[in-house]
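Start counting the sequence shown at 6; every next residue gets the next number (my numbering).
In short, the hints are calculated from the structure, not lab data. Only a predicted model underlies this, so the values are computations on that prediction, with no experimental measurement involved. Errors might be hidden in some of the hints.
Claimed, not checked - Okay, derived cross-link-like pairs now, DSS-like style, lysine-lysine, Cα gap no bigger than 25 Å in a straight line:
no., residue 1, residue 2
1, K78, K99
2, K76, K99
3, K107, K78
4, K114, K99
5, K41, K107
6, K114, K76
7, K78, K41
8, K107, K76
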Amino acid sequence: MTESNKIGVTEVVLRDGHQSLLATRFRYQDMEASLKQLDQVGFWSVESWGGAIFDSCIRYLGEDPWDRIRKIKSMMPNTPQQMLLRGQNLLGYKHYADDVVKKFVECSKTNGVDVFRVFDALNDPRNMYQAMQSVIEVEGHAQGTISYTTSPVHTIDLW
């Protein structure tokens with residue numbers, strides 16, 4: 006997206022929809038029938054990978070997460086595929102070395118990810134830098150993201 010006067014809409018149902026509501030348990034076959042229809046809507050992107058999907062595919066669903074993104078990409082040729090990437094944590098639960106981050110981003114791009122929405126749970130830009138730089142190097146679309154919440158208990162006084 007290069008025109009600043011346009012608004013692009015990203016659909017997140019294939020990642021956050023079932024991550025938030027169903028503990029990331031949608032199998033590829035559960036979504037396959039809807040992919041061609043989603044592709045025709047005209048979304049700027051569809052967030053279909055990342056977050057807890059990688060772990061869930063391996064741990065609970067018996068699916069190859071790389072095969073999953075390749076299949077989704079092939080079923081949705083008109084819509085850029087987007088992922089949520091945890092910065093230096095990638096899709097895991099610890100920090101990884103810079104060369105691992107670089108290779109993971111490269112493999113993600115090669116397998117079908119076009120847009121990388123990068124965040125760090127602590128909002129520390131140092132934890133986002135290598136992932137963002139790696140996305141730029143593979144000519145992907147890098148989006149820096151800030152985590153926040155609003156609620157009665159999350160106040161400046163309490164935190």
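Status of each hint after checking the structure:
1. K78 x K99: Since the Cα atoms of K78 and K99 sit roughly 28 Å apart, the hinted pair is violated (cutoff 25 Å).
2. K76 x K99: violated, 28 Å
3. K107 x K78: Holds, at roughly 21 Å.
4. K114 x K99: holds, 22 Å
5. K41 x K107: Violated, because 31 Å separates the two Cα atoms, which is more than 25 Å.
6. K114 x K76: Given pair K114, K76 holds - Cα atoms ~14 Å apart, limit 25 Å.
7. K78 x K41: It holds: about 10 Å lies between the C-alpha atoms, which stays within 25 Å.
8. K107 x K76: Given pair K107, K76 holds - Cα atoms ~23 Å apart, limit 25 Å.
The structure fails hints 1, 2, 5 (numbered hints given earlier, in ascending order).
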